[in-house]
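The residues making up each chain are set out below.
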Amino acid sequence: MIELTVKLFGPAARAAATSELSVQIDGDATIAADVLRALRDQHTSIASLVDAARLAVNHEFADADTPVRASDELALIGQVSGG
Amino acid sequence: MTRMSADVHIIEGPLPAEPTPWTHAPGNGALILFEGIARPSEDGEPILALDYEAYEPMCSRQLQLLGDDIVAKHGLIALCVEHSTGRVGVGACSFRLRLASYHRKEGLAAMDEFIDRLKRDVPLWKTAVKA
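In the order they appear, the protein sequences are chains H and U. Position one of the first sequence corresponds to residue 134 (our numbering), numbered consecutively onward. Position one of the second sequence corresponds to residue 14 (our numbering), numbered consecutively onward.
Hints may contain errors.
Calculated cross-link-like contacts (lysine-lysine; reagent style DSS-like; alpha-carbon spacing at most 27 Å) [unchecked claim]: (1) U/Lys143 with H/Lys140; (2) U/Lys132 with U/Lys86; (3) U/Lys86 with H/Lys140.
Partial list, computed: chain U residues near chain H (C-beta under 8 Å) [claimed, not checked]: (4) Gly49; (5) Pro70; (6) Ile128; (7) Val135; (8) Trp138.
Since the hints were derived computationally from the structure, they do not count as laboratory data. For every residue, glycine included, the Cβ atom is placed at its ideal position computed from N, Cα and C.
Turn these sequences into a full structure, and let the hints steer you where they fit.
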């Protein structure tokens, strides 16, 4: 089992009322798609926002099969609003 | 000719009225400027300011990748983007994009595409500060 911390911003941070959430995933390593699934399943406050969001791993947008380790910096990038 | 990379500036608070100096080679047929100004209302409600939050260093990296890609794709001479973080009061400038191109058409297309992709791929969020 690994525990991962995911940073939140904007609407997701407001919905969760926090700037970080943790998820637990079976095994020693995982992939980005499983982190998003765990966020959706383990944190209902942001479940509706996760479908339209992407995961950033170490400051780069991840593909669904991008490997994720406990030491990686993770961020949920939902709808952005710059400009 | 060697293309220049994009200039990227993240600035705390409103952008200064005087734009950040930028470098562009001779040969411009078009110089295009876009400025985003904080509106006095959001969804019909009066507001005092916008609070911008950037996820760094990803925000700067994404702006650099985007700017460099737009320069290459549209054959621009130069591109300079400035964006605020933190609080920007109503009427102040929070976003400035300048580009130099050989011709009007590719410059205007580049401007439009840059802003569309900024609103999709750059981790920046704004929150209205209600009056």
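Cross-check of the supplied hints:
Taking the CA atoms of U/Lys143 and H/Lys140, the gap is near 26 Å; set against the 27 Å cutoff, the hint holds. Proximity of U/Lys132 to U/Lys86 is assessed by CA-CA distance (about 18 Å); at most 27 Å being required, the pair is judged to hold. A threshold of 27 Å between alpha carbons decides the hint, and for U/Lys86 with H/Lys140 the separation of about 33 Å lies outside it, so the pair is violated. Given the 8 Å rule on beta carbons, the hint for U/Gly49 holds: about 5 Å separates it from the nearest Cβ of chain H.
Here the hint on U/Pro70 is kept, as its CB sits about 6 Å from the closest CB of chain H, short of 8 Å. Satisfaction of the interface hint for U/Ile128 is found here, the shortest Cβ-Cβ separation to chain H being roughly 6 Å, below the 8 Å cut-off. A distance limit of 8 Å between C-beta atoms decides the matter here; for U/Val135 the minimum to chain H is near 5 Å, and the interface restraint holds. With 8 Å as the threshold, the beta carbon of U/Trp138 comes within range of chain H, its nearest partner Cβ sitting at about 3 Å, so the hint holds.
Going down the numbered hints, you'll see the structure goes against just number 3.
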